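Visitor: Each chain, written out:
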Amino acid sequence: RIMRPDDANIAGNVHGGTILKMIEEAGAIISTRHCNSQAGEPCVAALARVERTDFLSPMCIGEVANVSAEITYTSRHSVEVQVNVMSENILTGAKKLTNKATLWYVPLSLKNVNKVLEVPPIQYTRKEQEDEGKKRYEEQKLDRLETKQRNGDVIFPIINPEPHTVGYSQSSLIHLVGPSDCTLLGFVHGGVTMKLMDEVAGIVAARHCKTNIVTASVDAINFHEKIKKGCVITISGRMTFTSNKSMEIEVFVDADPFLDEPRERYRAVSAFFTYVSLSKEGKPLPVPQLLTETEDEKRRFEEGKGRYLQTKAKRQAQMQQAAQQ
Amino acid sequence: RIMRPDDANIAGNVHGGTILKMIEEAGAIISTRHCNSQAGEPCVAALARVERTDFLSPMCIGEVANVSAEITYTSRHSVEVQVNVMSENILTGAKKLTNKATLWYVPLSLKNVNKVLEVPPIQYTRKEQEDEGKKRYEEQKLDRLETKQRNGDVIFPIINPEPHTVGYSQSSLIHLVGPSDCTLLGFVHGGVTMKLMDEVAGIVAARHCKTNIVTASVDAINFHEKIKKGCVITISGRMTFTSNKSMEIEVFVDADPFLDEPRERYRAVSAFFTYVSLSKEGKPLPVPQLLTETEDEKRRFEEGKGRYLQTKAKRQAQMQQAAQQ
Amino acid sequence: RIMRPDDANIAGNVHGGTILKMIEEAGAIISTRHCNSQAGEPCVAALARVERTDFLSPMCIGEVANVSAEITYTSRHSVEVQVNVMSENILTGAKKLTNKATLWYVPLSLKNVNKVLEVPPIQYTRKEQEDEGKKRYEEQKLDRLETKQRNGDVIFPIINPEPHTVGYSQSSLIHLVGPSDCTLLGFVHGGVTMKLMDEVAGIVAARHCKTNIVTASVDAINFHEKIKKGCVITISGRMTFTSNKSMEIEVFVDADPFLDEPRERYRAVSAFFTYVSLSKEGKPLPVPQLLTETEDEKRRFEEGKGRYLQTKAKRQAQMQQAAQQ
Numbered sequence: 001r002i003m004r005p006d007d008a009n010i011a012g013n014v015h016g017g018t019i020l021k022m023i024e025e026a027g028a029i030i031s032t033r034h035c036n037s038q039a040g041e042p043c044v045a046a047l048a049r050v051e052r053t054d055f056l057s058p059m060c061i062g063e064v065a066n067v068s069a070e071i072t073y074t075s076r077h078s079v080e081v082q083v084n085v086m087s088e089n090i091l092t093g094a095k096k097l098t099n100k101a102t103l104w105y106v107p108l109s110l111k112n113v114n115k116v117l118e119v120p121p122i123q124y125t126r127k128e129q130e131d132e133g134k135k136r137y138e139e140q141k142l143d144r145l146e147t148k149q150r151n152g153d154v155i156f157p158i159i160n161p162e163p164h165t166v167g168y169s170q171s172s173l174i175h176l177v178g179p180s181d182c183t184l185l186g187f188v189h190g191g192v193t194m195k196l197m198d199e200v201a202g203i204v205a206a207r208h209c210k211t212n213i214v215t216a217s218v219d220a221i222n223f224h225e226k227i228k229k230g231c232v233i234t235i236s237g238r239m240t241f242t243s244n245k246s247m248e249i250e251v252f253v254d255a256d257p258f259l260d261e262p263r264e265r266y267r268a269v270s271a272f273f274t275y276v277s278l279s280k281e282g283k284p285l286p287v288p289q290l291l292t293e294t295e296d297e298k299r300r301f302e303e304g305k306g307r308y309l310q311t312k313a314k315r316q317a318q319m320q321q322a323a324q325q
Numbered sequence: 001r002i003m004r005p006d007d008a009n010i011a012g013n014v015h016g017g018t019i020l021k022m023i024e025e026a027g028a029i030i031s032t033r034h035c036n037s038q039a040g041e042p043c044v045a046a047l048a049r050v051e052r053t054d055f056l057s058p059m060c061i062g063e064v065a066n067v068s069a070e071i072t073y074t075s076r077h078s079v080e081v082q083v084n085v086m087s088e089n090i091l092t093g094a095k096k097l098t099n100k101a102t103l104w105y106v107p108l109s110l111k112n113v114n115k116v117l118e119v120p121p122i123q124y125t126r127k128e129q130e131d132e133g134k135k136r137y138e139e140q141k142l143d144r145l146e147t148k149q150r151n152g153d154v155i156f157p158i159i160n161p162e163p164h165t166v167g168y169s170q171s172s173l174i175h176l177v178g179p180s181d182c183t184l185l186g187f188v189h190g191g192v193t194m195k196l197m198d199e200v201a202g203i204v205a206a207r208h209c210k211t212n213i214v215t216a217s218v219d220a221i222n223f224h225e226k227i228k229k230g231c232v233i234t235i236s237g238r239m240t241f242t243s244n245k246s247m248e249i250e251v252f253v254d255a256d257p258f259l260d261e262p263r264e265r266y267r268a269v270s271a272f273f274t275y276v277s278l279s280k281e282g283k284p285l286p287v288p289q290l291l292t293e294t295e296d297e298k299r300r301f302e303e304g305k306g307r308y309l310q311t312k313a314k315r316q317a318q319m320q321q322a323a324q325q
Numbered sequence: 001r002i003m004r005p006d007d008a009n010i011a012g013n014v015h016g017g018t019i020l021k022m023i024e025e026a027g028a029i030i031s032t033r034h035c036n037s038q039a040g041e042p043c044v045a046a047l048a049r050v051e052r053t054d055f056l057s058p059m060c061i062g063e064v065a066n067v068s069a070e071i072t073y074t075s076r077h078s079v080e081v082q083v084n085v086m087s088e089n090i091l092t093g094a095k096k097l098t099n100k101a102t103l104w105y106v107p108l109s110l111k112n113v114n115k116v117l118e119v120p121p122i123q124y125t126r127k128e129q130e131d132e133g134k135k136r137y138e139e140q141k142l143d144r145l146e147t148k149q150r151n152g153d154v155i156f157p158i159i160n161p162e163p164h165t166v167g168y169s170q171s172s173l174i175h176l177v178g179p180s181d182c183t184l185l186g187f188v189h190g191g192v193t194m195k196l197m198d199e200v201a202g203i204v205a206a207r208h209c210k211t212n213i214v215t216a217s218v219d220a221i222n223f224h225e226k227i228k229k230g231c232v233i234t235i236s237g238r239m240t241f242t243s244n245k246s247m248e249i250e251v252f253v254d255a256d257p258f259l260d261e262p263r264e265r266y267r268a269v270s271a272f273f274t275y276v277s278l279s280k281e282g283k284p285l286p287v288p289q290l291l292t293e294t295e296d297e298k299r300r301f302e303e304g305k306g307r308y309l310q311t312k313a314k315r316q317a318q319m320q321q322a323a324q325q
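Chain order of the listed sequences is A, B and C.
FYI, in full-length UniProt numbering the residues of the first sequence are 1 to 325.
FYI, in full-length UniProt numbering the residues of the second sequence are 1 to 325.
FYI, in full-length UniProt numbering the residues of the third sequence are 1 to 325.
If we strip away everything but chain A, and leave its shape as in the complex, we get (with noise of 0.2 Å):
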């Protein structure tokens, strides 16, 4: 579809929110077909996990996005799907690359949503996509574990921060769960959660450096709470980690079921959101170092650096690899 004003921010730049909403949307629909093409319990597919997600890049207003999706493993009770969005400017035939994700799927029964049926396995054209699949599977799943740990956080406001600390920037919006927001089920798209926590992200990094920002990458994130129809959810953001180019953001979702009187408020989704600044020309500015002040914040700090080097060092492995081929 053509990208509208209302899908970027003032520059031009398309949210990195309305391209994670188009992808899930993909995957969901790919996924949920997959799991029905068998006779038996009809089910929808609900996304568990999103692996880490690079922006490649931008995408601007009036350009085309075109969105692939191709289902690439499948265990007894998930679905790996691969979505590709590129940008086509229609006007000069250009076409980009602009994200590669890849999605978990689990499909959860239509008449009892908390039943996970099995899915029909997929054909592989070469034995080794069947083990690669098993190996991403089995990464995934031990990652899952690890981030369950992560969840008591709470972002407390502070009155008069100084410029650059986390304080300063730290921002947070509640949503009230309507049903365009939601599958069959009654439960909350991922691709919504995804679209509103990297809009409250983009607003942390703005307020950081005052320029206009880009979601460079979304770590791996994990959904190991659905989120009910008439539920209040607060999305919460702080910085975490700069570089000399990038803002590291995390961002919690936490679900409020005000209506059902015995549940508690609860920690739905956490991620983090890489950031970087453009200038006019699109070129990647220095962005003010965070200041951090509490022991927390800067213990929080150093593992930004540990994924920051983590991942660069990744990158430089890929680009070698790369090169040798």
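In short, the hints are calculated from the structure, not lab data.
Take the hints with a grain of salt, since some may be wrong.
Copies of one chain are not kept apart here, so a pair can be met inside one copy or by any two copies together.
[Said to hold, decoys possible] With a cut-off of at most 16 Å between alpha-carbon atoms, the simulated EDC-like pairs for lysine to aspartate or glutamate come out as follows:
#1 K229 to D6
#2 K210 to E88
#3 K314 to D219
#4 K210 to E264
#5 K210 to D256
#6 K100 to E25
These numbers come from a predicted model, not from an experiment.
Position chains B and C against the provided structure of chain A, taking the given hints into account.
Guide: Frame of chain A; chains B and C shown alone:
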């Protein structure tokens, strides 16, 4: 994309206007891409005309709309696009053809919006394709000249109208044209206009028969006049004819460019929409007959009857032809 | 237009904010059109004030909202518009008056946004209309001066609040102002701001009483300060008062023009919203009493009680007057 509650009426049937908007967007993308495929002035394809469109089967919330578009003819200054919409129930895998539409686009220069550019010719696989396209091109050109006449009419509100008279159901809405309604040239997308027209026509039909109604067809629409960002548009609809099971509604779009001093309010588009009333099981219901009062209403009713009989005859001829093949 | 699922809460009642937004759009169109009706500088009418508005009956999904607007008074630099909203059930034909609102607009030059232009005078059919209009004009002018004071307050979050305290239900959201939120001048539509304010107030009310709530009335709102495209706005709400069957919520809008270096965050709007809790049959329910803890909270509760009793007295006086006529 997946159909959401907002795309549909309270019975869960997707609005014809939502489908028309998707069709027009697909047509605008493919024809803008084609018109820029050769080196030359960059341009945007503007919708000039939509041929009569039948809604073959209703689409529902939760279904996926698959839209495919193909360029089928090019004249020197215009492009004919055929768009097919399939509705897919991803739970059962069932697919149905919802619409087949034919649209005509004209390339306007990005630098000078009043300049119509030349269209790169397409290759035809068979000579007959070109000849048939040329015939369609000549026919629509003739038809476009005719409709230029019917522009003076205005809809006046009636106080305390009797049930089932024209005044009883006539309706109008105003809309301020915002940035998301517009193309890169700053003019309203044809699809946005058609969606608003369907909204008004649907209100007229529902007021008349007070049941669940769906769009059955839209007569050819000519886009004679562009509508600029910042205009206020008034969309008015009145019922012109009823058969046993269908209602014909005439819709006008008037644009008021109140910020541009010299320009007066003008008629931008007009069209006939046909609606049917559906029972809970999706079967067509009889509709109350329209009560005509004035001479003009009686004349319009007869004209509507003419269109109705002509369409019916055409459809029967097509069915006979199909049966013979 | 027809009310859609997205316009309403999960019980099917249309959000008061959606109605306020339609009212403001109608007012902006009629007053911009009027102010441009004489030769001169083109201008856009900006909302300066909305008088107290009562929501007389709830509107539901599937109903049609009929909005009519009329200019009732003009001073040298401002226009008074009366807007009526009727809800129409198109299945039964039943119509109900939902709202009567009075709005004040000021024409700002399209070339120089800080220049207020002159308003062409309207013709009155009776001399008393002009005198009464002038009286309303003077009254609102006075009232606008008063509210300029109440601007310093900030809402701080409370950790682990007790149920039914002020801290328990207070809420805030941030919103990045995009192009679709803005007029041609690049400033946020008053109606967009009111819709966001109603969204926050509704979440505060729902958190407090955990039932289906609807907007009952909105106190006069003054738009002292414009909000520019690209700003981040924070909308915060806290409960100030509860009667047996109603809740009063104070809402603040703070704008942070973070891209414009010299400009600081400022209070753009504030207002009081009153909500009632409805049973499934649409009858008003008793609401839990607000527990006030601090001195400020107790003072605000007393002030809210004052407003409540004043409004009640005024309404009774009007009903007696109506009974005598």
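Visitor: Which hint numbers doesn't this structure obey?
Guide: none
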